[in-house]
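Novice: Going from the sequence shown to this note's numbering is simple: count from 1 and add 1.
Derived from the structure by calculation, the hints contain no laboratory data. A portion of the hints provided could be inaccurate.
[Stated by the list, open to error] Pairs of lysine to any residue residues, derived as SDA-like cross-links and limited to a Cα-Cα distance of at most 25 angstroms, are as follows: (1) K78 / T145; (2) K78 / L89; (3) K78 / T91; (4) K78 / L158.
[To be verified] Computed Cβ-Cβ distance ranges for the label pairs, DEER-style: (5) R185 / W4: 41 to 49 angstroms; (6) A60 / I226: 16 to 24 angstroms; (7) Y74 / A150: 17 to 25 angstroms; (8) L237 / R128: 28 to 36 angstroms; (9) R245 / I184: 21 to 29 angstroms; (10) R128 / W260: 21 to 29 angstroms; (11) A264 / R128: 23 to 31 angstroms; (12) R261 / G214: 20 to 28 angstroms.
The beta carbon of each residue, even a glycine, is placed where N, CA and C say it ideally should be.
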Amino acid sequence: MDWLHGVAGLFVGLMVGLTGVGGGSLMAPILILLFGVAPATAVGTDLWFAAITKSVGGAIHHRHGGPDGGPDYEVVKRLCMGSLPAALITLLILSQAHVEQIKSGIVTTALGAVLIATAIATLLRGRFHRWALARRVSTADSFTRIQPAMTVAAGALLGAMVTLTSVGAGAIGATLLLALYPIRMRLQRLVATDIVHAVPLTLVAGLGHLWIGNVNSWLLLNLLIGSIPGIIIGSLLATRASDRVLQPLLAVILVVIGWRLIA
Numbered sequence: 002m003d004w005l006h007g008v009a010g011l012f013v014g015l016m017v018g019l020t021g022v023g024g025g026s027l028m029a030p031i032l033i034l035l036f037g038v039a040p041a042t043a044v045g046t047d048l049w050f051a052a053i054t055k056s057v058g059g060a061i062h063h064r065h066g067g068p069d070g071g072p073d074y075e076v077v078k079r080l081c082m083g084s085l086p087a088a089l090i091t092l093l094i095l096s097q098a099h100v101e102q103i104k105s106g107i108v109t110t111a112l113g114a115v116l117i118a119t120a121i122a123t124l125l126r127g128r129f130h131r132w133a134l135a136r137r138v139s140t141a142d143s144f145t146r147i148q149p150a151m152t153v154a155a156g157a158l159l160g161a162m163v164t165l166t167s168v169g170a171g172a173i174g175a176t177l178l179l180a181l182y183p184i185r186m187r188l189q190r191l192v193a194t195d196i197v198h199a200v201p202l203t204l205v206a207g208l209g210h211l212w213i214g215n216v217n218s219w220l221l222l223n224l225l226i227g228s229i230p231g232i233i234i235g236s237l238l239a240t241r242a243s244d245r246v247l248q249p250l251l252a253v254i255l256v257v258i259g260w261r262l263i264a
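Use the sequences and the hints to build the structure in full.
Specialist: Written out as C-alpha cells, the structure is:
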C-alpha cells in the first residue's frame, strides 16, 4: 500500500464523518494536485471512494442517530428522484467526450468552480437557514406545498454536479437541505440525511464512470484502507464537533484549491 494514499483517505474519511463534507471536495483535488492523477480518473475513483466510505458513515448515523438525529428517509427519497436520473444523463454526456484533453479540461474547470461554490455554501449556510426559516414561518402553506418539487429539483442539480466533479453532495447538499427544511433539519439529522443520500448517488455515478473506464481500483483500495477507520471515528464524534472551527477552515481550503484548479 502507498501509505500516503492511506493517510489521505484517513483525513478525508474523518472530515466526512464529522461534517458530511469532504468526500469529493477534498479527495478529488488531492488526487489531481498532489498525486498527479488524471482529472477524469480522479473523479471516477473518488466516486467509488465516496460511495463506500459514506455507506459506512450512513450505517453509523442510522444506528447511533436516535429518533431526532438519524437520516430523514422521506427527504432522501425525494432527492434521489432528481439526482439519479440527472446522474445518468450526465454520464451519457461524459461518455461522448472521447478526447481525453477535452474531458479533463471540462472536469477540472467544473471541479474548481464547484469547490468555490462549496466554500461559499459552507460559509453562508447559517444565513440561508435563517432566511429559509423566516419564509417557512411567514408563508407556511405555500412553503410546504413546494417542498417536494423543490427537493427533487435540488436532487437533480446535485446529481449532475456530483457525477461531473464528484463534489457537491456534502456542503452544497447540506445548504440546500437547510434552505428547504429549516425546521426539520437539525445538525446531526442534516449530516445523516446528506450522507445517506450520497450513497446511491455516488454508487450510480461510480458505476457509470467504471463503465467509461475512469476508475483506478488499486488506488481506490489504498484510499479505503485509511478512510473507513476515519469515517467511523468522525461519525461517532459528529455530535461534539464545532462548526465554528471546522467550517471556516474548510471553506478557506476549498477556495484555495478551487482557484488553483481554475487558474
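Novice: With reference to the structure, classify each hint as holding or not holding.
Specialist: Structure-based check of all given hints:
1. K78 / T145: holds, 17 angstroms
2. K78 / L89: Holds, at about 17 angstroms.
3. K78 / T91: holds, 20 angstroms
4. K78 / L158: holds, 15 angstroms
5. R185 / W4: 41 to 49 angstroms: holds, 42 angstroms
6. A60 / I226: 16 to 24 angstroms: holds, 18 angstroms
7. Y74 / A150: 17 to 25 angstroms: holds, 18 angstroms
8. L237 / R128: 28 to 36 angstroms: holds, 30 angstroms
9. R245 / I184: 21 to 29 angstroms: At roughly 22 angstroms between Cβ atoms, I184 and R245 fall inside 21 to 29 angstroms, so the hint holds.
10. R128 / W260: 21 to 29 angstroms: holds, 23 angstroms
11. A264 / R128: 23 to 31 angstroms: holds, 28 angstroms
12. R261 / G214: 20 to 28 angstroms: holds, 26 angstroms
In summary, this structure violates none of the numbered hints.
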